[in-house]
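Q: The primary structure of each chain is shown beneath.
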Amino acid sequence: MSYLLKIAFKNMFRSKLRTLVSIVAIAFGVMIVVFARGLIVGMVDKVFADHIHYNSGHIKIIDRDYQMRERLLTLNYPVDGLGGRGVEEMIAAMEALDKVELVIPRLKFGALVSTGDKLVSMSGWGVDPEQELAFTDLENKLVEGRMVRPGEQAVVMGTALLKKINRQVGDKVTIVFNTAFGSVKGVTFTIVGRLESGLKLLNEMVFFLPLDQAQTLLEMEDQATELLLVASDPKLVPQVLPEVKTFLAAAGEAGRYLALSYRETSDLIPLMDLSELMFSYVYLIIVLLSCVVVVNTMIMIIRERTREIGMMAALGLEGKNILQLFVIEGAFMGIAGSLVGAVLGHLITAYLGKVGFDYGEALSAMDAEVLFDTMFYPVASVGNAVFAFLLGVIVVTLACLFPARRAARLQPTEAMRAGQ
Amino acid sequence: MALLELKGLKKVYDQGKIEVPALRGIDLTVEQGEFTTIFGPSGSGKTTLLNLIGCLDTPTAGTILFDGQSLGELDKKELALVRRHNVGFVFQSYNLIPVLTAYENVEFAIRLINKYDKREIRDRVMGILKAVGLEGLENRRPNELSGGQKQRVAIARALVKEPKLVLADEPSANLDSKTSEEVLAVMAKMNRELGTTFIFSTHDPLVMDYARRLIEIRDGLIAKDQRREQDAVLN
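Line by line, the protein sequences are chains A and B. First residue of the first sequence? That's 1 in our numbering, and the numbers climb one at a time after it. First residue of the second sequence? That's 1001 in our numbering, and the numbers climb one at a time after it.
Keep in mind that the hints were calculated from the coordinates and are not lab data. It cannot be assumed that every hint is accurate.
[Said to hold, decoys possible] Just so you have them, the derived chain B footprint on chain A, three or more residues with Cβ under 8 Å:
| hint | region |
| --- | --- |
| 1 | 9 to 23 |
| 2 | 301 to 314 |
| 3 | 410 to 416 |
On a predicted model such as this, the values are computed, not experimentally measured, just so you know. The beta carbon of each residue, even a glycine, is placed where N, CA and C say it ideally should be.
Construct all of the structure, not just a fragment, from the sequences and the given hints.
A: Structure below.
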């Protein structure tokens, strides 16, 4: 075998330009795979993270009737604890469950602000500031001022929302909303922070206020509209979810509360799963397109070396050895091209992973409730580069089997007559 | 025991609707150590006969006994093994691997056998290169060698595994007469020293001068089979 390796390696340099063209084609294909996969992984990871952070947690607990009316931000179906004894007791009990790290309450409600000539509708989120900062990436999005603190009548808003209501950090704003009992209330808050986010929801819809303030103002003491349960690892959700359901059933609340995993509460996640599957085929097609150049090179090589193949057969080389010889030569080109492509692709992805792509303009018409960040950051990972490298080597090597089989099947006498 | 026994050997090429008979019933026996030339006009069947003897092709009818073994009973893989171990080829156009040096081209044939260790391979390759007069040129690639030198490499490649039979198809066709003579002298020397059987296919009178047996083929049949006690050159 070693002599075949040696000959195959040396054969690569017989027509340097042709070999170079093949290697460049493979490198280009593999580089695109590394980058495209990094982009898709970055996009999918972001969609998952945003959905978990700003919608569902790992497991979301809501009132069964709230699910259908969630978009209306109704306050009629709150989470008010086990047997109505309050969410604090329920949170404490659930945090004691195995593999549950955190239980975060949110109290969401609809609100309005008048700018003089028009009304701007908004979504208020009463949150535990410390827990929100620990669980989400809000801190990175806070570009001015600070997060709200418990007990203060203050709000944090997105840049676009501030622009809509003609306010800035430090200003006061009067927000009108309905309490849980249906009465209309107007309260003036101080704007203490500004968020900048690619998520339309955070940028132009939501304002954050302390949970205790929201509960008092909405007349919903010790209540929330949802509880977000955070597991110690997202992969543990399939194990934790049945425990949570058992816990609710044991507390006699299975008929009232729903426990939903993050996969059940997003329309985007099944789409992302599908797109990952579809892109797997796209990666394969990209590499196969590069293979066209390599296969063409191999066909030309075999035509040129037909007499040499006949001579090798005459010396006693079996068909399988001839096949190996050409497949190894193709594999060498595959290794060289894939290595260059994987390294370049990794470096480009790493650079663009820092800079990011802004699709804000293209996605401006998208509904704010769709948690889809307009900034994409490709993810550069060694695993991705290794995947693309192996894909390149395997696909190129397999593609070379086709022309190599032709060489292996040549009759020695026919091969030696070629070119005479 | 004869090295080769050919009985009623026929070969017909099927070219679509036409069948072209290349050999029409060859009976021939070749003893170990013979230095034989097959000659005849173009299309008479010389190369076909060499291909059948060298296990590169299979006959339409008849049998070939190689060292007592019937080649007709062997499959493709077994025929490749017969070629690998027992037959050396010298081609008109040398057919050396251009990316390998003279040494590596010769080494290639012996490494296929997988019988010798590294040191033995080196000794054998260097020994045969010296014997064919290529000492000092072992690191040159084919494009750095003259036609005669390339043919010597091809001869060394055919002989390095010490085959029972060497088949040479028009070995002097691309060489000038002086170089042809040098190359033939090398093969005659190997025939005497190693007892290797040589069968040539040629038009070249010089090659015939070196042979001790001359077989003329016409229209796929042996027209004349002449033995002589001494060759015309070395005696």
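Q: Run every hint past the structure and note whether it holds.
A: The hints, checked one at a time:
Requiring three or more residues with a Cβ within less than 8 Å of a Cβ of chain B, the coverage given for the region 9 to 23 of chain A holds, as 4 such residues are present. Requiring three or more residues with a Cβ within less than 8 Å of a Cβ of chain B, the coverage given for the region 301 to 314 of chain A holds, as 6 such residues are present. For the region 410 to 416 of chain A, the assignment as covered by chain B holds, since 4 residues bring a beta-carbon within under 8 Å of that chain's beta-carbons and 3 suffice.
Checked against the numbered hints given earlier, this structure breaks none of them.
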